[in-house]
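J.: In terms of numbering that gives the first Met the number 0, the sequence shown opens at residue 0 and continues consecutively.
It cannot be assumed that every hint is accurate.
[As the list claims (entries may be wrong)] Pairs of lysine to aspartate or glutamate, EDC-like flavour, derived with a Cα cap of 16 Å:
1. 186 - 120
2. 190 - 209
3. 112 - 133
4. 186 - 209
5. 112 - 127
6. 190 - 210
7. 213 - 133
It should be emphasised that the hints constitute simulated quantities derived from the structure, not laboratory data.
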Amino acid sequence: MIGKPSVASCLLALLLTIPAVLFSQSSTPKHTLIINGRSTDVPLIQVNGHAYVGLEALAEALKGSLGFSGKMFALNMPVCSANNAPAATVSTPLPASSPASDQGASSSPEFSKAFLNAGIEQMSTLREWHTALETAIQNGIPLSSGLLAPYRAQATTNLRIASVAASTPSDHSAYQLLSNEFQNMAKLSDKYLKLRASLTYIAPDAIQNDDLNKRIIACGRALGTMAAAGQFSDNGSCH
């Protein structure tokens, strides 16, 4: 008959397993995430050949923000840093030219490169903002200011950068349309946030039937066409 294990034998077995566990943990390779050449403390693990990182730590490392509502998360990253933002304000002196050539340059419908880049960044953020709002409404996800605030904040920053980058008459004209699009997107968001706060039912297709939303979509397409052409062309949907 086999007797019950003694306390001493149990302790001995436990002591023998501890080194194996410690060795197994210490043998796990540590991964370091390098972003733009800079080593970070963002936790990174690999599962079945795929790398995963912590969203909170990633947002903090990139000076971004993370918002969420229900099952929907919004990770917002800055599109520029203090090192490259001033590029919009730095200009190279133009060579001396005749009054006739100056007049032709001032009447050119083309955008400056700095403004075009800033405008494209702003349109991208506005599309992401619109997609987050539309997705939440269509899927019945509870709307909250925390979910949409990162997009609004980034769009505000991008609009300011576009304002600084505007240097030609065409830039300034397009900036006004870009500003109108931002204001309309803010109104659309506020409208549905207020409906949610008052516990008013929001149909899944409510945003598709919204006239303001239709104007935003039409203006977004017009701005996209302008960006592709690199020239200003007025559009009534953006007013």
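J.: Give me the numbers of the hints this structure contradicts, sorted from smallest to largest.
T.: Hints 1, 3 and 5 are the ones this structure does not satisfy, whereas the remaining hints hold.
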